[in-house]
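Chains as they are written, first to last, in my numbering: chain A, 1 to 220; chain B, 1 to 76.
Please note: incorrect hints may appear among the correct ones.
What the hints assert, rightly or not - 30 Å max Cα-Cα, derived BS3-like pairs, lysine-lysine:
1. A:K110 x B:K19
2. A:K110 x B:K10
3. B:K19 x B:K61
4. B:K61 x B:K10
5. A:K110 x B:K61
6. B:K40 x A:K110
Unchecked claim - Derived list of chain B stretches under chain A, where covered just means 3 residues or more per stretch with a C-beta under 8 Å from a C-beta of chain A:
7. 16-28
8. 59-67
Stated by the list, open to error - Estimated spans, in silico, between C-beta atoms of each pair:
9. B:D35 x A:Q27: 50 to 58 Å
10. B:A24 x A:D151: 26 to 34 Å
11. A:P9 x B:R37: 26 to 34 Å
12. B:T75 x A:A203: 51 to 59 Å
13. B:G12 x A:G162: 23 to 31 Å
14. B:K19 x A:D132: 32 to 40 Å
15. A:P68 x B:K10: 25 to 33 Å
16. A:R206 x B:L46: 47 to 55 Å
17. A:K110 x B:V36: 13 to 21 Å
18. B:K19 x A:G113: 15 to 23 Å
19. B:T52 x A:D202: 53 to 61 Å
In case anyone wonders, no lab produced these hints; they're calculated from the structure. Virtual Cβ for every residue (Gly too), placed ideally from N, Cα, C.
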Amino acid sequence: MKAAVIVFPGSNCDRDLATAFEKVTGQLTAMVWHRETTLPEGIDVIGVPGGFSYGDYLRSGAMAARSPIMRAVANAAAQGRMVIGICNGFQVLTEAGLLPGALLRNEGIKFVGRDVALTVANSQTTFTSRYDSGEGVTFPVAHHDGRYTADAATLDRLEGEGRIALRYAEEVNGSERQIAGIVNDAGNVIGMMPHPERAIEDAHGRTDGLRMFEGLLAAA
Amino acid sequence: MKARVFVTLKPGVLDAQGKAIHHALEGLGFAGVNDVRQGKLIELDLADGTSTAQIEDMCRKLLANTVIENFRVETA
Numbered sequence: 001m002k003a004a005v006i007v008f009p010g011s012n013c014d015r016d017l018a019t020a021f022e023k024v025t026g027q028l029t030a031m032v033w034h035r036e037t038t039l040p041e042g043i044d045v046i047g048v049p050g051g052f053s054y055g056d057y058l059r060s061g062a063m064a065a066r067s068p069i070m071r072a073v074a075n076a077a078a079q080g081r082m083v084i085g086i087c088n089g090f091q092v093l094t095e096a097g098l099l100p101g102a103l104l105r106n107e108g109i110k111f112v113g114r115d116v117a118l119t120v121a122n123s124q125t126t127f128t129s130r131y132d133s134g135e136g137v138t139f140p141v142a143h144h145d146g147r148y149t150a151d152a153a154t155l156d157r158l159e160g161e162g163r164i165a166l167r168y169a170e171e172v173n174g175s176e177r178q179i180a181g182i183v184n185d186a187g188n189v190i191g192m193m194p195h196p197e198r199a200i201e202d203a204h205g206r207t208d209g210l211r212m213f214e215g216l217l218a219a220a
Numbered sequence: 001m002k003a004r005v006f007v008t009l010k011p012g013v014l015d016a017q018g019k020a021i022h023h024a025l026e027g028l029g030f031a032g033v034n035d036v037r038q039g040k041l042i043e044l045d046l047a048d049g050t051s052t053a054q055i056e057d058m059c060r061k062l063l064a065n066t067v068i069e070n071f072r073v074e075t076a
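Put together the whole structure using the sequences plus the hints.
Okay, here's the thing in structure tokens:
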């Protein structure tokens, strides 16, 4: 499996995500600067990392979503390549229209940076295949704009189609229906606010996130 | 020509910052504030002859996220 990570000005989880991919692929991750217009040949999975791209100007993820490289990412997604957006990456994917809904300021106004309990809502997605449905996992979160919002019809559709991959098992940010991560209708794009790439080694304190990357390896 | 774009959260979308401002106003002793909604004002300096349709295109493609926000354009 070959992985690429998109780097925007202000990304700060790009190295962590690249390391997580490398841990399962055994290959160097391609780092792709946002001004590029094409992805390297043969990429199976594209990571859109966390951080504060463009200083969160206008709206979190808004400027990054209009970067030249995002057209290539959208094309790759349309061709069925896997795309995983974490934290700011989730915001970028919603702003780019690759995932429905939007992420707004946390209900409690404050930045939330801590480990949170999550439930794997659907283990049938490409990204959660190494987990069991209903299984509890713990990933760190670190965000200010993580409150997932969409209209009721969209939320019903996400729920009905099993596209809610992860839910918060505790109150974190006021997200509609406790949504922490969703997949697109084709099932090859996921966005989530929690950071699985920060829970892959014993030194992180837990390794719950590793299976997400192992699942990608199995799917590629 | 100048244009002003007002971007506001759609009705029904919880405005956490607006609520915090509301509480702060109450804390300062201002009674009778029923609700506060916070938005953005974006001022554009444009080539003369830029059409309203072009400005609205800017709004839909970048200035507003129409999933959660409405926009209104004023030209002068």
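Verification of the hints:
Annotation: proposed proximity of A:K110 to B:K19 holds, straight-line Cα distance about 13 Å (limit 30 Å). A C-alpha spacing of about 22 Å is found between A:K110 and B:K10, which places the hinted pair at or below 30 Å, so the restraint holds. For the proposed pair B:K19 and B:K61, the alpha carbon gap of about 28 Å is at most 30 Å, so the pair holds. For the proposed pair B:K61 and B:K10, the alpha carbon gap of about 17 Å is at most 30 Å, so the pair holds.
Straight-line distance between C-alpha atoms of A:K110 and B:K61 comes to about 29 Å, which keeps the hinted pair within the 30 Å bound. Only pairs whose Cα atoms come within 30 Å are accepted, and B:K40 paired with A:K110 is accepted, the gap being roughly 20 Å. Only residues whose beta carbon comes within less than 8 Å of a beta carbon in chain A count, and the segment 16-28 of chain B has 3; three or more means the coverage holds. By the rule of at least three residues with a Cβ nearer than 8 Å to a Cβ of chain A, the coverage given for the segment 59-67 of chain B holds, with 5 such residues.
Evaluation of the 50 to 58 Å hint for B:D35 and A:Q27 yields a pass: the beta carbon distance comes to about 54 Å. Checked against the given bound of 26 to 34 Å, the beta carbons of B:A24 and A:D151, roughly 30 Å apart, stay inside it. Judged by the Cβ atoms, the range 26 to 34 Å given for A:P9 and B:R37 holds: they are separated by roughly 31 Å. Take B:T75 and A:A203: their Cβ atoms lie about 57 Å apart, and the range 51 to 59 Å holds.
Evaluation of the 23 to 31 Å hint for B:G12 and A:G162 yields a pass: the beta carbon distance comes to about 26 Å. A hinted range of 32 to 40 Å holds for the C-beta pair B:K19 and A:D132, which are about 38 Å apart. Take A:P68 and B:K10: their Cβ atoms lie about 30 Å apart, and the range 25 to 33 Å holds. In this structure, A:R206 and B:L46 meet the distance hint of 47 to 55 Å, their C-beta atoms being roughly 53 Å apart.
Distance hint check for A:K110 and B:V36: the Cβ-Cβ separation is about 18 Å, which falls inside the suggested range of 13 to 21 Å. At about 22 Å, the beta-carbon gap between B:K19 and A:G113 stays in the expected band of 15 to 23 Å. Between B:T52 and A:D202 the beta carbon distance is about 59 Å. The supplied range of 53 to 61 Å therefore holds.
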